[in-house]
Amino acid sequence: MNCTLTNHLVNKTTFLVGNKKNAGKTTFLNYALKQVREVVSPAFFTIGIDGESSDLIFNTPKPKVFTEADDFVVTSDLMINKSDALFEILHVFPYKTVLGRLVFAKTLRSGNIELVGSEDNKQLAEIVDYLRNEGKIKTIIIDGAASRTTQVASVKNSYFYYIIKVDQKSVNSDIDKLKVVALISKFTCFKNTDKIKSKSVFEINGALTTSKLALIPEDCEILLVNDFTKIFLDFSQVVELSKRIEINYKTPCQLISFVVILKDIAKGEFEKILKQNKLEESILYNPYEY
Amino acid sequence: MNIKETIQFVEFNTFYSEYVPLTPYGLLNKNKYTIFSDKEILNAVYNSLENTVSFIKENEFKSAKIENHFKRIALLNSLERRNFDSSDIFLVKKLLVNFKGIDKLLNDTIKKDLQINFSSNELLDFLSPDGENKETFYLSSSYSSKLSIVRKQISEKNKGLAEIKKERLHQIFDELELDFRFRDFIVVPENVVNSFNTELVFKEVYDKTSLVIKPILPKKFFELHKEKESLLEEEHLLEQNALKIISEKIVAEKALIKDYILKIGILDTLFAKARLAIRYDMTKPVLNENGENMEVLNGQYLPLANKCAERGTVYTPLNAKFDTKTIVVTGSNMGGKTMLLKTIGFMQVLTQMGFWIPAKKFKTAVFKNISYIGEDLSEKVEGLSSFGFEIYNLTKAIKDLDSNTLLLIDEFAKTTNSIEAKAIIAAMLKSFSQKEKVSSFVSTHFMELPEFDKVSFYKMKGLDYSAYQKYYNKEKQYSLYERIGLINTFMQYEIIKTSSKDRTYDAIKIADTLGLNDEIIRYTKEYLSGNYD
Numbered sequence: 001m002n003c004t005l006t007n008h009l010v011n012k013t014t015f016l017v018g019n020k021k022n023a024g025k026t027t028f029l030n031y032a033l034k035q036v037r038e039v040v041s042p043a044f045f046t047i048g049i050d051g052e053s054s055d056l057i058f059n060t061p062k063p064k065v066f067t068e069a070d071d072f073v074v075t076s077d078l079m080i081n082k083s084d085a086l087f088e089i090l091h092v093f094p095y096k097t098v099l100g101r102l103v104f105a106k107t108l109r110s111g112n113i114e115l116v117g118s119e120d121n122k123q124l125a126e127i128v129d130y131l132r133n134e135g136k137i138k139t140i141i142i143d144g145a146a147s148r149t150t151q152v153a154s155v156k157n158s159y160f161y162y163i164i165k166v167d168q169k170s171v172n173s174d175i176d177k178l179k180v181v182a183l184i185s186k187f188t189c190f191k192n193t194d195k196i197k198s199k200s201v202f203e204i205n206g207a208l209t210t211s212k213l214a215l216i217p218e219d220c221e222i223l224l225v226n227d228f229t230k231i232f233l234d235f236s237q238v239v240e241l242s243k244r245i246e247i248n249y250k251t252p253c254q255l256i257s258f259v260v261i262l263k264d265i266a267k268g269e270f271e272k273i274l275k276q277n278k279l280e281e282s283i284l285y286n287p288y289e290y
Numbered sequence: 291m292n293i294k295e296t297i298q299f300v301e302f303n304t305f306y307s308e309y310v311p312l313t314p315y316g317l318l319n320k321n322k323y324t325i326f327s328d329k330e331i332l333n334a335v336y337n338s339l340e341n342t343v344s345f346i347k348e349n350e351f352k353s354a355k356i357e358n359h360f361k362r363i364a365l366l367n368s369l370e371r372r373n374f375d376s377s378d379i380f381l382v383k384k385l386l387v388n389f390k391g392i393d394k395l396l397n398d399t400i401k402k403d404l405q406i407n408f409s410s411n412e413l414l415d416f417l418s419p420d421g422e423n424k425e426t427f428y429l430s431s432s433y434s435s436k437l438s439i440v441r442k443q444i445s446e447k448n449k450g451l452a453e454i455k456k457e458r459l460h461q462i463f464d465e466l467e468l469d470f471r472f473r474d475f476i477v478v479p480e481n482v483v484n485s486f487n488t489e490l491v492f493k494e495v496y497d498k499t500s501l502v503i504k505p506i507l508p509k510k511f512f513e514l515h516k517e518k519e520s521l522l523e524e525e526h527l528l529e530q531n532a533l534k535i536i537s538e539k540i541v542a543e544k545a546l547i548k549d550y551i552l553k554i555g556i557l558d559t560l561f562a563k564a565r566l567a568i569r570y571d572m573t574k575p576v577l578n579e580n581g582e583n584m585e586v587l588n589g590q591y592l593p594l595a596n597k598c599a600e601r602g603t604v605y606t607p608l609n610a611k612f613d614t615k616t617i618v619v620t621g622s623n624m625g626g627k628t629m630l631l632k633t634i635g636f637m638q639v640l641t642q643m644g645f646w647i648p649a650k651k652f653k654t655a656v657f658k659n660i661s662y663i664g665e666d667l668s669e670k671v672e673g674l675s676s677f678g679f680e681i682y683n684l685t686k687a688i689k690d691l692d693s694n695t696l697l698l699i700d701e702f703a704k705t706t707n708s709i710e711a712k713a714i715i716a717a718m719l720k721s722f723s724q725k726e727k728v729s730s731f732v733s734t735h736f737m738e739l740p741e742f743d744k745v746s747f748y749k750m751k752g753l754d755y756s757a758y759q760k761y762y763n764k765e766k767q768y769s770l771y772e773r774i775g776l777i778n779t780f781m782q783y784e785i786i787k788t789s790s791k792d793r794t795y796d797a798i799k800i801a802d803t804l805g806l807n808d809e810i811i812r813y814t815k816e817y818l819s820g821n822y823d
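Heads up: the sequence lines are chains R and F, in that order. The opening position of the first sequence corresponds to residue 1 in the numbering used here, with each subsequent residue numbered one higher. The opening position of the second sequence corresponds to residue 291 in the numbering used here, with each subsequent residue numbered one higher.
Since the hints were made in silico from the structure, they are not lab data. A hint or two may mislead.
Stated by the list, open to error - Here are the in silico distance ranges between beta carbons for each label pair:
{"id": "1", "chain 1": "R", "residue 1": "N172", "chain 2": "F", "residue 2": "N481", "range": "21 to 31 Å"}
{"id": "2", "chain 1": "F", "residue 1": "E726", "chain 2": "R", "residue 2": "V98", "range": "52 to 62 Å"}
{"id": "3", "chain 1": "R", "residue 1": "D129", "chain 2": "F", "residue 2": "K424", "range": "20 to 30 Å"}
{"id": "4", "chain 1": "F", "residue 1": "K436", "chain 2": "R", "residue 2": "K250", "range": "51 to 61 Å"}
Positions of the beta carbon are idealized from the N, C-alpha and C atoms, including for glycine.
Take the sequences, apply the hints, and build the full model.
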């Protein structure tokens, strides 16, 4: 049993975010669920129907999620009806997807279940609120949509794993992405809210993009961004900006760890690349590795 | 009735956003913006509201419990079907559980008034085969003895499958030191894999250097799995049968369930309206036949009153008794003419939506049409000037004056030449005053309009200039906001009866207060007194 992983997930709301489609989020979810069930009954669900039809490991249909008795799931009513597991319906959300209305259910008998969720960040936050307040559930794991991190910021007090598939063919861009996330996830939360209107603090509304860099006043000392998911700059731009200005967030989102899935690249070789790029991040290597 | 413009003019939505039904059915009612134009229906609504207000005042905890039940009710999927699935049934059960709870908490007065009577105990018990009236639902084995047997068999197969798998994983761990307890597969370097017993694990390529290893389960696992699969199929058929029986029971009570939904929607909106009635100390409107003698006592235009309260400024409620149905309102700029029209419009919309009124008294009629004619509305027609737009709206509003109609006309034709504008306003007054079913409020700056029978003139009291002059310090450099504040402080937002001959010259005083230079003020006064060279 991976105690560190379990400790990180229990009593928290955790998103599994991937750097690309088929990064291995659902495979990681299955692994994480098996660990967490040793301690508590988790609730889990997914975001939208992201079109990930196959799994990176086998290039076969998307991995199924297995639910055990006493788990809590959110999926559509159609998927509940289709499953070989047995469920007690606890709530029906007023949100419709192409695959039916979203349902919150408790597993009475184990089986496979296909997950369908909402793509709308507001609905997502409402679902988590319902699970936490009405369902009294403390451990929630959310299989996030690929390449979209904004969902993480929509839920207060949430954490995330960044699952990054590093392929020999795309190693440079994968490392760049890792570097950006590693850097921006370190910026702290703005504490002195009284000073938001002070001249030294400049707040960016919405996304921080290349075109908005020109708006930042020369004399400003702190740049306030809502959360890390609003930064849409490449690594060099973030480095350049953070040299002249302190970047703070209004809403905290905490990165627990990177989960690196290597393909056609040896672990030793990858570690060398990390060293070259001075990356000393907390990394969990593919838990399915020997 | 299309009162979109009036709703915009009176900024009704700032109040409407405080009206918060708690069920999806109450919200659907809210979003319809229903305007009642039947006096009897409205009186029935006011009476129901009175019962609800009394109930809440006397039963605060019970009311909170009822509102908690409201919050738990979800929108049902369509009842117009013959087959329901588990989530449909869950929704019906949840509705029944909560409606039953509401029924228990309500007093007889409300139940009798709204004809509320929960009589679906049998169905609810059927949906709770394990004896508890919980909100949750699952297709229990109690619905069919066969289903119970099949499910037991499936559980046994599952146990058997788990044991076989556990045994095989132990064997693999003992022989190959591969731990599959938390993993469905393991990625292993190719050089390591070569030594593995291929009867225990299955290999396939992962990348250039590694293979994916999965456990091979024994034949008996697949045999058992096959048996489970056929049991699952049987279970599915039995579940469909059970769902069919439950669906038939629900269909048989469809009419009752629809009635509960209707009652929930009504009751929820009544509670939401009653909460507002209590918060704002509202009273029941008094409805007369045709709009004669409209009367407002201590009437609050809430969108403004709330703003004033937020800003810490004084709000003057409206007190007025109108003796005819055609009312002309004159007065200073910034003197409150438009606010008077907004107050009347706001209260009339409240009245006809079945709310009570934030006033000690509001006596009015029920109108079939309520129209606002003035500027700043969104539905602009391309190519029309402001004046053209007003004429367009007026034409629309007076199409049918044979039914009870309320016209709120704010500073009509102020953008066209004053001679013709005044003539059109005079013509409107003459026309409206002759129509038995038309009530109109016309605010205007034009003075000395002709007198007509059944037309009354009122004016806003205006600036208390002598008090203002005592306070005003000529030497001080006031900012614009300070000047506006001064005007608000010394403006008397009261309405007084006047005549068509009354002349009000507050515009010069206002201009002076806002800082217009002395020379222009002096020339203006000279011009008015006839000494202008």
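Against the structure, the hints come out as follows:
1. N172(R) to N481(F): 21 to 31 Å: The hint (21 to 31 Å, Cβ to Cβ) holds, given that N172(R) and N481(F) are roughly 28 Å apart.
2. E726(F) to V98(R): 52 to 62 Å: At roughly 58 Å between Cβ atoms, V98(R) and E726(F) fall inside 52 to 62 Å, so the hint holds.
3. D129(R) to K424(F): 20 to 30 Å: holds (22 Å)
4. K436(F) to K250(R): 51 to 61 Å: Distance hint for K436(F), K250(R) holds at roughly 59 Å.
Against the hints set out earlier in the document, no violation occurs for any number.
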